[in-house]
Structure formats: C-alpha cells, structure tokens
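Listed in order, the protein sequences are those of chains G and A. The numbering used here runs 68 ahead of the 1-based position in the first sequence. The numbering used here runs 68 ahead of the 1-based position in the second sequence.
Because the hints were derived from the structure by calculation, they are not lab data. Backbone N, C-alpha and C define an ideal beta-carbon position, used for all residues, glycine too. Treat the hints loosely; a few may be bogus.
Which bits of chain A does chain G cover? Going by a derived footprint, with three or more residues having C-beta under 8 Å, they are [claimed, not checked]: (1) 75 to 89; (2) 119 to 125; (3) 264 to 278; (4) 306 to 316; (5) 836 to 847.
Simulated pairs of lysine-lysine, DSSO-like, Cα-Cα distance not exceeding 27 Å [stated by the list, open to error]: (6) A:Lys686 - G:Lys686; (7) G:Lys358 - G:Lys230; (8) A:Lys230 - A:Lys212; (9) G:Lys212 - A:Lys686; (10) A:Lys702 - A:Lys686; (11) A:Lys230 - A:Lys358; (12) G:Lys702 - G:Lys686; (13) G:Lys778 - A:Lys778.
2 protein chains.
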Amino acid sequence: MGSTNYIYRFREGDADMRDLLGGKGANLCEMARLGLPVPPGFVITTEACREYYRLGGALPEGLWDSIQQHVAEIEEAVGRRFGDLTNPLLVSVRSGSKFSMPGMMDTILNLGLNDDTVDGLAQATGDRRFALDSFRRFIQLFAKVALHLEAEPFDDAVAEAKTRTGAASDAELDPDALQEILERFREIIRERSSTPFPSDPWEQLRIAVQAVFESWNSARATAYREHHRIPHDIGTAVNVLAMVFGNSGWDSSTGVCFSRSPTTGDRELYGEYLPNAQGEDVVSGARTPKPIAGLADEVPDVYRELVEIVDRLERHYADVQDVEFTVEHGRLYVLQTRSAKRTAAAAVKTALDMAREGLISHEEAVRRVPAEDLSQLLVPRFDEAAKQEAIRQGRRLAQGLNASPGAATGRIVFDAETAASADSDESLILVRPETSPDDMPGILRAAAILTSRGGITSHAAVVTRGLGKPAVVGCASLRVDTRRRLLSANGTELHEGEEISIDGFSGEVFAGRIETVTPDVSGTGELALLLTWADEIRRLDVRANADTPDDARQALTFGAQGIGLCRTEHMFFQPERLPFVREMLTQAPAVSLMKSEIEDARGAVNQATGEAREAAQKRLRAAEARLANSEDAKAYGTALDRLAEYQTADFRDILRIMDGKPVVIRLLDAPLHEFLPPYESLLQEVAVLRATGGDPQALEEKERLLESAKSLQEANPMLGHRGCRLGLTYPDVYEMQVLAIARATCDLAREGLDPRPEVMIPLVMDASELRALNARLERVTREAEDCPQPVTIPFGTMIELPRAALTADRIAPEVRFFSFGSNDLTQMTFGFSRDDAEEKFLSFYLESGLLPRNPFQQLDEAGVGRLIRIAVEEGRAANPELELGLCGEHGGDPDSIDFCHRAGLDYVSCSALRLPIARLAAAQATLAQRERDA
Amino acid sequence: MGSTNYIYRFREGDADMRDLLGGKGANLCEMARLGLPVPPGFVITTEACREYYRLGGALPEGLWDSIQQHVAEIEEAVGRRFGDLTNPLLVSVRSGSKFSMPGMMDTILNLGLNDDTVDGLAQATGDRRFALDSFRRFIQLFAKVALHLEAEPFDDAVAEAKTRTGAASDAELDPDALQEILERFREIIRERSSTPFPSDPWEQLRIAVQAVFESWNSARATAYREHHRIPHDIGTAVNVLAMVFGNSGWDSSTGVCFSRSPTTGDRELYGEYLPNAQGEDVVSGARTPKPIAGLADEVPDVYRELVEIVDRLERHYADVQDVEFTVEHGRLYVLQTRSAKRTAAAAVKTALDMAREGLISHEEAVRRVPAEDLSQLLVPRFDEAAKQEAIRQGRRLAQGLNASPGAATGRIVFDAETAASADSDESLILVRPETSPDDMPGILRAAAILTSRGGITSHAAVVTRGLGKPAVVGCASLRVDTRRRLLSANGTELHEGEEISIDGFSGEVFAGRIETVTPDVSGTGELALLLTWADEIRRLDVRANADTPDDARQALTFGAQGIGLCRTEHMFFQPERLPFVREMLTQAPAVSLMKSEIEDARGAVNQATGEAREAAQKRLRAAEARLANSEDAKAYGTALDRLAEYQTADFRDILRIMDGKPVVIRLLDAPLHEFLPPYESLLQEVAVLRATGGDPQALEEKERLLESAKSLQEANPMLGHRGCRLGLTYPDVYEMQVLAIARATCDLAREGLDPRPEVMIPLVMDASELRALNARLERVTREAEDCPQPVTIPFGTMIELPRAALTADRIAPEVRFFSFGSNDLTQMTFGFSRDDAEEKFLSFYLESGLLPRNPFQQLDEAGVGRLIRIAVEEGRAANPELELGLCGEHGGDPDSIDFCHRAGLDYVSCSALRLPIARLAAAQATLAQRERDA
C-alpha cells in the first residue's frame, strides 16, 4: 500500500474534498487547479489525523516517508532545498478541518530555519534583516505551539529590544537588535524547555505536523466544537506550503480582502494590507494595516491581478470570498480563500445581488442568510459611533444579560405605577430589581426595561421579548434602591427622571443619551424581497403571538398568516378592568359554592321521600334565596357582564384587523393570584396595622383582601389552579369569554366581514376535560345572539403537559387543532420553573456544559421534542383532520423551527418581531429537507 | 334461529355461564343441576338485553313468544297457571349481571296479581291476609320500578294504616287494613300515573322484563359501573322464578346465611331470618331479624337441611357462600348463592382455613384476600362498641378526609413546638390549620394529626402515611384558632390539653376518649402465614421506604427485603441539627462564590501574560486569603463537619439493622428554604419591628435571616433549585453525605458486618448531571478512610422527571439502578402540584368524574405508566444489568404494584405499614400474569 493515501498534492485535490482535505486544503487545491498563483505544497489528510489518534499519537506507517517525498517535490518546484545552507527552502505548516474553527488550532510559519540555514537565507536573499526576522518569528511560534512554552518571555524580549533601540514596530528592528533577540530566545528555551530546540529542519517538520494534529484536541478547540456542535472525531488536515514572504522588504506585503463589503454587502473590493509583514502582524494588531485601495496606487499591476483573482474566485464559488494574499517582491500569491463572514445587512444584500446577477438561484439566496441574524435588522440599535463615544466618555455603567434586543434611551422610573401614569410622549426606562405580572401596565408604557435580578427567562425578559421592547436583566452590579429612588453602579448615581440608555443586543447600560438608528423594514426593502422568496419555498405557515390590536397590525406588516396565540390575560391587566377582574375572581368560589348548594338541594329533592324531602325543598328554597339576595353574587354578575363587554370589544378589534385570517384565542390561563395585589405586601401591611393599632376599618379591608389572596396562594402556581382547571371549577369565566368571542364574530359577520376565531383551551391533561368544556362552551356559542350566518368556532387545545402529549390519541378526536405550548411543556418535562431556574441554576448548567443550550430558547429534541413527535403521530392517527401548530417562544427560533418542519407541524407562531426570522427559517427548513431527500 | 337462544331453563345452564346468564342466573342454574330446592324458572340472557338496546329499546323478535312458552313450563311444574282466577301462578323477575352490582338494578316480586287473581290466591291458600299483603307488596314495587312513580305516597299510605290500626309492623296489618291500603294505592296511581296499572299479568310481565333491562342504564347503575370499572356494554340477565312465599304465615320465613362468619371467618353457619316476611323486609330494616340459630329451635329439620345445603354449596364453589333462602309452610327453597363479602380478618382466616382443609390451593388462598383490605389489620382501630357509644353520646364533632389509617386518642396541642417539647409518655394529637415541613419535630412526637385544611395529598397526609400515624385532614367544619388555643366544631369548644379522638379510617373526629384495639401482627399469626405463601409466589421484591432506625426495624418486622428509599432530609430536621443545616445552607452560596473566584483567578494566572498575569496572581492570593480568613467559611466548614458526624451515625445505625440487605440512600432532595424559618413570618416580624421602631439588634438579626430566606424563595419550589441541582451547584453538601455513607460502611465492615448502601441521585433530567456527580462522588468514596475491604457503593438515580424517562437510554449507562419516583413523576406529567391540587381542584376532578382515580394514589398508566415503560425498555436495552424499582407512594398500592409487575420492574418500595399489602399484591400480580399467560 504505502502512504500516498494520506497525502494529496494541491493539483490532485479539489473544493469538494473538504471531508478529507479540510476547508483550507480543499480550497488551496481548487485554486491550484484553477491555475491561480498558489505556492507549491500538499495536504496531509484528515484520515491521517484520525489514524494518528487511533495509534495513540503516532504517525501512521509510511506517512513520514511520503512527507519527505512530497517536500522533495516542493524543493524541485521552487528550486530551493530544505535545510540547504545556501538557499534553504522554508515551509508553513497549517491546520485546517472540514468546518471553520478560526484561531482554535495551530499553524507554524518559516519552518526550516536554524543557525546555519538562517545564514543561507540571508545570503540567498541578500537581506540579513529579513532572514533574522523570519528566524525570530519561527522560534517564537514554534516554542509556543510545538514546545508548549509560555509566550510571555519571548514577547518581553522583543518588547525590550524595541524599547532599547527605539524601534516603533517589529519591522523597524535592525539586524543587530534581531541578533540580540535571538540570543535571548536561546536562553529562554534553555531555561524553560525540557527538550532542546530542534535544529534539524526535518525534525522541526515532524514535530510541527504532530503539533497540528495535537491541536485538534486542545481544550479550546474541544470547547469550540462542543459549542458549535462539530463532531469530535473528524480530525484536521495539515497543509504544507512553500513559504512566500510578505516580510521580505518594502516591496512585499501581506493582506486580506473580500470580494464584496462584509459590512454593507456593496460590490467593491474591500480589505486591508500591511507592507513588509507576515500574516500574524495583521492579526496581532501591532501595526495598523492600510485600506486595500492603497495597493492600487503602490503596485497597480498587483492590484489589478488581485481584483481579477478575487472576482474569479467569487464567480467560481458563487459566494462572497475572503482571500488571504502575500506579495513577495512584487509577485502575488494567494494563500487561502473561503466564504466571507458578513453582517446581516451584507448577507441580505449580497444574497439578493448575487441572485439578480444570476450567480445563484433564489433558493440559494434564501439559504445564504442566517435566519437568526435578521434580529439585528428589525429593532432600533445605537448609532455605533455615538456608542463608542459614550464608552470613551466613561458612561458605560454596567453589563447585564441581553434579554431582549433593541436599544433605547429614556428617563428612569422606579415603579410601574409611575411609569403607567406618566405623559405618553416621553421615553421612559423602567428600572426594577425584578418585575412581576403586577408591573404589566408600567412595562407596556415603558420604552425598555432594566432589572438587577433575573435571567434571560425571567418575567421581564419573557414579557419584553414578547412585546419587542429592549431589555437588560440580571445586571447584578447595579444597585436599585426603589425607596430612595436611586440607581448606582460603577461609582455613578442616577436619580429618577435622569436619562439612561440600554443596549439589549449587548446587555450594556449607559448613563445619559445615545442616538439610535431605526431599521428600515418597509415592504419594498431588500429584506421584504428576500422574504417573498422565502415564502415561495416554505411549507410551514407562520402566525404571530399577538394580544392587542397593535400587535395584530404589526404582525400583518411582518407577514403573519394569522394569529397563533392571542392571550387573554393581558387584557385583564388593564387598569380600568382590574377591579372587575378582582371582583369576579374573589367572588367566584363563593358564588360557585352557592350554585352547587342549589344543585345539591335540587338533587336531594328529587331523590328523598317524606320528611327528608320536605327538608330538602326548604333547603333548596333557602339556597335559591341566598343566591338571589347575595350582594356578592350581584357584584359578581355585574363584573362578569362588564368584562364580557370589554372582551367583546377586544375580540372585535383584533378579528377586524385579521379579517379572513385565523385568530387562535386562548382562554384564561394565568393563576388567579396574579390578578390580586401581591400577597406579601398585604401580609406586611396587615401585620403593621395590627401591631400599631391602626385604623380598624382600613385593617378590616386589608384583612379581607389578605384572606382572598391567601386562599388563592399556591405552593407551586405553575402546577396549580390555572388553565382549564379554572374553566372547569369556575365555569362562568370561560363562558363569558366564549360568549364575547361569539358576539364579536356575529358583529363582524353582520358587517360582511370574514372573522375566523378559534378557541384554545389551555393546560389540558386528559380528554375528559375537553369533553366537559367543549359541550358547555359550544352551547354558549349556539346561544349567542342571532347571527347572519351560524357561528361555528373551532375548538382546540394547547398541548403543554407531558400527559397531554402522551394521551394525544384520546385528545385528538375532541378537537380541531393542537397547539404545542412549548414553554410549559419544557418546564414540565425538565422540571424547571422558568421563574426560578435561570437565576438559581440554569446559567450554572449552561456555563458548565451540563446543558449545551437553554431549552427555553432552543427546543430540546431529546425530551420535549420526543413528546411532540408522539403527540403529532398519535394525534394525527386518531384525527387525520387535526391541525398542528406551535406557539411557545421556540416558534421564533430557527433550530426549533427546523424541528417543527421535520416533526410535520402545520405552522409556528411567534412574536411579531420574529416573524421575518421565522419565515426565513421555515424556508431554510424546507430546503434542508429537500437536501436530505435528494 | 328462534328465540331459544335468548332463554335458558335453570337446568340448562351452569356456574361457568356468568357472561351470558349473569352471576345470579348462573348460580341458580348450577344449584338446579345440583338438585337443590330452587323454584322452577328460567334466565333471559344478557345477549337479549344487549339486543334490546341495539333495537333502541324493543324486545328482540321471538323473545316474547319464548318467554310465554317458558312460563308455561313453570305452570306445568308448579301446577298453577299465570292469571288463573282460582290458583294463580306468581313469579319474581330479578336482575343479575356478570358482576355483582348490589342494589343497583331492579327486581319485582309477586308479579301476576290483580283484583281478580288476588281472590284466587286467597282462595287457593286459604289466607286472605297473605294474598292481600302480597298484592300490596307487588303494587308498591311495580309502581316504583315499572311505572317510575315516587315511593313516598305509597309508604305514607302504609304508615297511616299502621298508625290507625295500631299495628307494630307490616306483618300485623289485618285484611281490612290491607284492603284500605290497596284502595288508597289505586287512588295514588290514578292521580299520579300517566299509564294505568296493568291488570293483565302478561302485560305486567312484559313491562317488568323491560324495566329490568332499562335499570341496567339507570343513573346509579352507570355511576357504580364507572366507579368499579365494569364495562357498560355487557348488559344484565333477567331471572324469572315461580314465587315462593316467606310471608305465607308464621310457619314461613325468609333469610340470609353465610357458610362461615363474614366478620371473623369462624367456621359456623352465620346469618339471620325473619318469620312471615319477604326478602325486602330484611333489607328495609323495618323489622329486626333473628339470629339463624333460632331456626334450629323453631324448625330443626329445615335448619338441618339448610346447614347441609350451605355446606354443600361451599364445598362445591370452594368459597364462603352467601345464601338467600325462603321457607314456605315449612318447605325450604334456595333463591340465590354467591361468594360472601367479608372483612379483612375473615378473608385471611377463611382463605387459610380453606387451604388447610384442602378446599383450595395456597395460590388460590393468596388470590382470595383483597390486598388493600389488609390495611385494616395493620393499625389500631377504635373498639366498634365504644365508637358507637360515642356517637350516641353526641361526641362526634366533624368529618374530614381519611388521610392516613388508624385511630388514636390524645390531648390536643396546637403547635409543633409544644408537641415536640412535651413529656414523652403522653399521647398527643397535633391539631393545625395545616402542616408544613417546619412542623416535623411535632409530627414525629404526636400520636396523630388533625388539620382543617388540605387534601389527602397534603403535607400532613403524605407525611403521616409515611410514618404510619393516623391523620384526618381537610376537616373544613372545624375551626382551629391557634392564637386562642381553641378548637370549635359542631357547637363544641375544646381547649389545648383536652382529649380528642380521631379515626383515620373514616375521617371522623370525636370529643373525648375512645378505646382502641391494637392489631396482632406477630410473626406466628394467620396473616404472617398467608404472607409467607405470598412470598413463595411473587416475582417482585418488596423494600421499604424508611428514614430512621425505628422505621428500619419496623420494616424488617413486616418483611422488607431492603430499604428502597432512605430520605436524608428528615434527618436534617432534628432540632439539634437544624442550626448546623441552616449555617451550611445560608453560607453555601457565599462560600461557593469564594471558591469559584479562586478557580477563576487560577485559570487567569495560567492563561494571562505580562501585567495581566501579575494582576491575576494578586487576585488569586487575595481570593485565597478571603476564603481562609472568612468567619462565614469557618462556620460553614464546622457545620459541614458536624453534619458529617451526625450522618455517619445515622447511616451506621440503619445499615447495621439492615445488615446484608440493600439500603438505597437518597441524597438531599428538598428545596433549601424548607430548612429555614418560614419566609412569611419573618416578613411580618421585620415589618412590625420597622414600623414600631423595635430593638435595632433584633431587627438586624431578623433582616439577615429574611435576606437569606428571600434569596432561597422560589416561585415554584417543586420545579426549582433542589435535588441534584443542589448537589451540582453546592458540591460540598453531597460530598459530605457520600463521605458519611462511606465512613459508616467502613466502620461496619471493620466489625465484620455486610453493609450494602446504594447512593441515589434525585431529580436527574440528563445523563450529564450524573456524569458530573458520579465522578466527583466516587472519588469521595475512594478517599474515605482505610477500610478492610474496598468500599464500592453502587450509584443510581431517581427517574422522576419526564425528561429522565424520555432519555433513559442515555442515563442508564451511567448508573447501576433506576428508582421511579412516581410521586414527582405524576406531578410533572399531569402538571399537578400535590401541595395545591387536592384542595383547589383535584377533589372536584374526582367527584365530577374528570379523573376516575386520584393519580397520586393509583399510578396513571396512560401517562405516567407510559413514561415508566419507555424508561424500562430503553434503559434496559442500554444497560442490561440495570436494576429497576419504584419508590413513590404507589409502591404500596395494589393496582400500581400490578402495573410494576407487568412493566417488568425488579422491586417496589413502600412505607413499612404497607409492606404486607405490597407482598400480597405482588403475589397476586404474579398469579394474574400466570392466568394471562395460560
């Protein structure tokens, strides 16, 4: 056999061989085949690397012989010999795996130099300074990468020499200074290395190849692969190239350029270069590179050639290219080409442009833009220059968690009430230790939210993401003193009313004002065009989670095909309604009791005989009288009627805006105590009133409220009396809501519109709940007032409890649709409370790698996803007409959307601001499916 | 075809035809075949009933002709004719389905009488009173069952006549009085019935047969089947028999007798009879029956014959028989036989006796005793006479939920502290509105618990069941005023120190003392023998949930094969340890932070260079000094050391008792705040101290505690920072526990014992948690002090989160065993908080049939069971050596144990007091499996 399997000459490989040659190697081969000026060289395959590990860290048999033969071919090609004392060949040894892992693995340049060959190089080039500089670079890199010595003493030696000689940069160090540095390097290695520095170039090469193999399994490379879900067993290739020297004089240079701007996407050569330098000088930032246009003035021929090459590469690869080049004494070499990383704006523009130029198809354009990146384009951001200015001015106060994207400046308010009652034309930032559902009116009013506690799944974070408002949360270094109305951080104190700026993209908090830039998402923009292409491809429908008419309008702008989740609890929080809500909820248990007493007595009358029967009749009359005369029951009835009116108007407005499109309305889901004043403050108030002998009437009133709050208090409200459990135990609430939906529907139908409400029952765990509720609620729709056409409202259910998913076959026949409530399903499946997990342990789990991703952001396929698949499969089998959607926050996450596509759902629903992301991700899911099918 | 399919003569059927003939019919046939004196008759099959319903409520074709033919055969046999004016045949029409549904369906007696035939009957028997009495009975029953009239006016008419004539009972009504009653009956029917009373006997019979068919679907029958899980579509048979008359004079009688005592199981004829009566008189309680022995004196021949028949039936059926008989003018007839319902004591005794008599096999004896019934035998109960006396004295105060079986009398205490500090020789009943984990010391001390709030899955209920103490909870009519130390109910007030009695079987609460009877569960008793037979049969092992040495000893007495769940949190609640626990928990976050600062700094030192490196070294030294000098850290270390000592002693004691048997020790699981003083009371105290300007030092102390409590407060502790999440974030706690286990194991091994601890990690949701913990904890066991033999402690995990079950294939390779924590798994799968559900909505769900059974009592197979099956199947596939158990409360529930057997678990674990039930149920599960396999 022999080792030829393990090595490919550049002219033997091509761009399709990334698996075997790595990305860099495959592209070097491709460029060589295209006849571009690539230095001669070869690739040691990833298979050799895998074999190296299989052998427990030894070069596979025959590999070394083969390497030597291929180096001989390089010698032949360039007319220099490895280790030659007069005209030595130098090589670079570069890592490169199938997937880009920038900076994670090692590379060694200028290999082949030693005390003898450095003289040869000096002689052959007639440039002693260059030869010594190259040797200096080689030792520095080799010591770190191959000998695993600390970089610090070497850096110190160079820095000292610069200070001593007054050189402004490495490039200005003269041969004497370099000679002294090399002396110092030798000392350092003697002191610190257990193995001596190898002077034999072949020995250097062998060690370097092994060091690159080893760097595949370095801690940082392993962590990087973990994070980016790159398999650990594919290994890296090793590229060995003849060195070309950008540091061989002022007619030499090295640089990087892009075929189009990676920032704006504009079609122009974009990049920078550094004369008399090697690539690492550009990266280290020791010297400031020049704009690429400078090359046109300095060496117009080289520039022209570069433009041609880059243009050819872009056309060849049909993608924006990021090209590394070196000019050696006026001769251009290309050392690497790859697809360019780019901003979201550039991604959209280049994808569209290239499609219009005929370089790529519409599908390919859609595939090219990372869906998640669109979030950058959809909300205001700080003007970058203004933000940098603020940092220079020392106005950056703190760093929190980037909970909800966007940027905002406004005046500080420390409580929700103040915010809610402020003038409407002023921008406010609500600053709290943390937020609770009680703060909703203030949150709705504020431009952005800042909290010192809580994680990215805390109340503030979840609500603001839903609302599309910027938020920074869990900003622990911030002290929020709501009593003294004072915010302090980093030595600065800010009072209520002072201006503050928060960056929801980065989590930064600034004192004072920073100008914002508002995105252009008009219907005629570039993004809109890309999304229409995505819409033509995708199979999944995309709906919005929208609770208000404003939400609904915004959802339409962003392309919603309906509303997948209209939560009704938010409607209940409005200040003018809250009193009625509280009246209804606090009286519901008593009124329910009165009603069930009547039913009990009626049952007894029907069954008993004799005296018992008479007693029962008396009891029935008494119970009926009690209900009829109860002030509480009257207040309860009034509250229900008023809420029914409010809700009818709510639904009419939303259904009107969404005319002809489905609107899934979820009946009340929240635990009741969320609508009452906070239990803890009542507890404290009552204790103080009692201890201080305060106003007895005030005490009595507070005690009554406390009693109510206590009776609604639950140890674990998330697992408590909410969702359809409320609808079953206090039937009036759901009946009121369904009546309002039916009335709104009738009203609009009478106007000739096409309202399409769907009723969604939350928190179902068994088909029996739906049987009980549907019968009762469908009767309510029938009993609603006369309608020009019969009101038939489809009923469906949230699948958000594991048991609902596990018994989907029984639930499906009772409903028209399932909507997966993936937030709650994640909570129950993991046993994670969103309210608690983030702060207490979830961030620890993410940091320590116990969880690779936050399951509230990206749907967990192994657990939650498995339940969804069970429900999809068994639900559809039991009811082939079943419509299937998902309305948790995952509905706006690209990976989760891909899962929804694969699981066979009909639609996803997400907050309006994420609709463009969802539309694009859904199209990409379709394309990925086609690729798998092909 | 023809209708013969639908009817069987008694001599044509047999006892194996219950499906087709119902239980009663099949046994009547069997007795007829045995030649016993059964009145002639026939059975209309259940298939006829099903066909009746298929036809929408019409008799199947040909059935009526066939009925007439078969009645003719009865006429032939008894020599009387149906509707005959001189010697009329009367029949009874009796319901009877495959499964016993006592009293749920209808029966009509004395059918065939009208104004004409009643005279004939009077003539033929020479007894006008008897004829009129029979007619009176017939009308009364027929009006109710077939005409659906209310019973009341008829009852009233009879009562009036008795008053008017001074008759003490129905049997003393003379012919004139009866004649008047019949007049009155006719009036009532005219007034109230839309259809006239049918005088044609054939018409009566047709209506009666249909009425029996219809009674299959009556509301009460449907509800009964629902409750007992009897299918709704099997229908009832109808038995038509020639009437024999126990009311035909004082030489006639009717009665019920048992082949052995259904109360004690003693081998003696047991029962009662009523002279000159029909069966309904015995049931209605209008007259008091005589003991069966009286029959021996009155009619010795009849008695002898009865003894013989009953004895023959018992031998024939090989089970205790419940026989209905009638004596007509000195001639004995048997009307029904069936297996006798019996008390638990009688069930055990008769099963053993009959096996010893050779009537049944050991297996059959084991099958015969309902496992759940054993609970009656295992705890003290009130002496029945003493309890009845208390009721008569009006001492019954209230009725609550029977949360934990047993009965107790003791003095009232209103708080746990008082209870815990009381003299140890006094019986105390802890009376609270509800209990919390803080009350544990008092609960441990008290003889029984009574609460006014909470359901049968509330804290008080769960804890007492675990401890085997009686408890009545959710006793809503009780007012517990802990401030005034006063309990009031039903007009009675009781003060602290006064005596109260509670019955955990029935949920009743009494003022004052009631004598209790303590069960005999000695190793030589009847039950012990039955259980050894069960042990020979069962495949499932049975372990105990036991947290203390006392628990462990009791568990051994009751036959535990090991400890399946030893909870360590209970150990932490002991008063002398609580301060150390609080010290450890409140300092853990700060100390963890200090430790992670040190690690951070160490990492920075290793990576940084130059000035950054120096700064990092400074930071490292500072962090190390902070930890070394921290008073908090010292206190924390001391607390950990003390707790390690306590825990070592705990584990040593338990492992010593369980020498040679496995002891599964669960590491700390409870949310931390359970160990701190209640947050709410701290909140109130601090508010009051602030408002009243109280002692600043006290305020500061309380504020510090409040801060701690607040930082541990969680919105949903059940889904929060507990279980292995604690073990991962605060590693010292678990390391301390495992160290204590290893030390205890070493100590005992050194003594030559065979300790077998197993460590169980709670609340795992992903294999990564186990990988992280096992590595660290196994190192702790290795580092434990020298041991004569190496300490290898198996590690396992609770499967109590849906995600753990769904990813069991990944978890299984990391562990030696799974133990299903079915309590938490039920909570997560249903989204039910045990603490909240019972009171707020679960009882509503059970009452309204939304849930057929409480899923915390009987394992839900559709949801929770499915997850368990997934975990069993996929866990075993991934690790064939995996041991599988279940340690939730379901481990003591017979139906759930049957599921565990079917699911292929290796063992169940339950509280010590339920071990006998579990042993028996496990054997019955094996027998049921054998039956299915056969």
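To see whether the hints hold, each was checked on the structure:
1. 75 to 89: violated (count 0)
2. 119 to 125: With 0 residues close enough to chain G, the hint is violated.
3. 264 to 278: violated (count 0)
4. 306 to 316: violated (count 0)
5. 836 to 847: Holds, because 3 residues of the segment 836 to 847 of chain A bring their Cβ atoms closer than 8 Å to Cβ atoms of chain G.
6. A:Lys686 - G:Lys686: It is violated: about 86 Å lies between the C-alpha atoms, which goes past 27 Å.
7. G:Lys358 - G:Lys230: Between Lys358 of chain G and Lys230 of chain G the Cα gap is close to 22 Å, so the pair holds against 27 Å.
8. A:Lys230 - A:Lys212: Roughly 21 Å separates the two Cα atoms, so the pair holds.
9. G:Lys212 - A:Lys686: Between Lys212 of chain G and Lys686 of chain A the Cα gap is close to 25 Å, so the pair holds against 27 Å.
10. A:Lys702 - A:Lys686: 23 Å, holds
11. A:Lys230 - A:Lys358: Status holds; Cα separation ~22 Å.
12. G:Lys702 - G:Lys686: 23 Å, holds
13. G:Lys778 - A:Lys778: Within the cut-off at roughly 19 Å; holds.
The structure is inconsistent with the numbered hints 1, 2, 3, 4, 6, although it conforms to all the rest.
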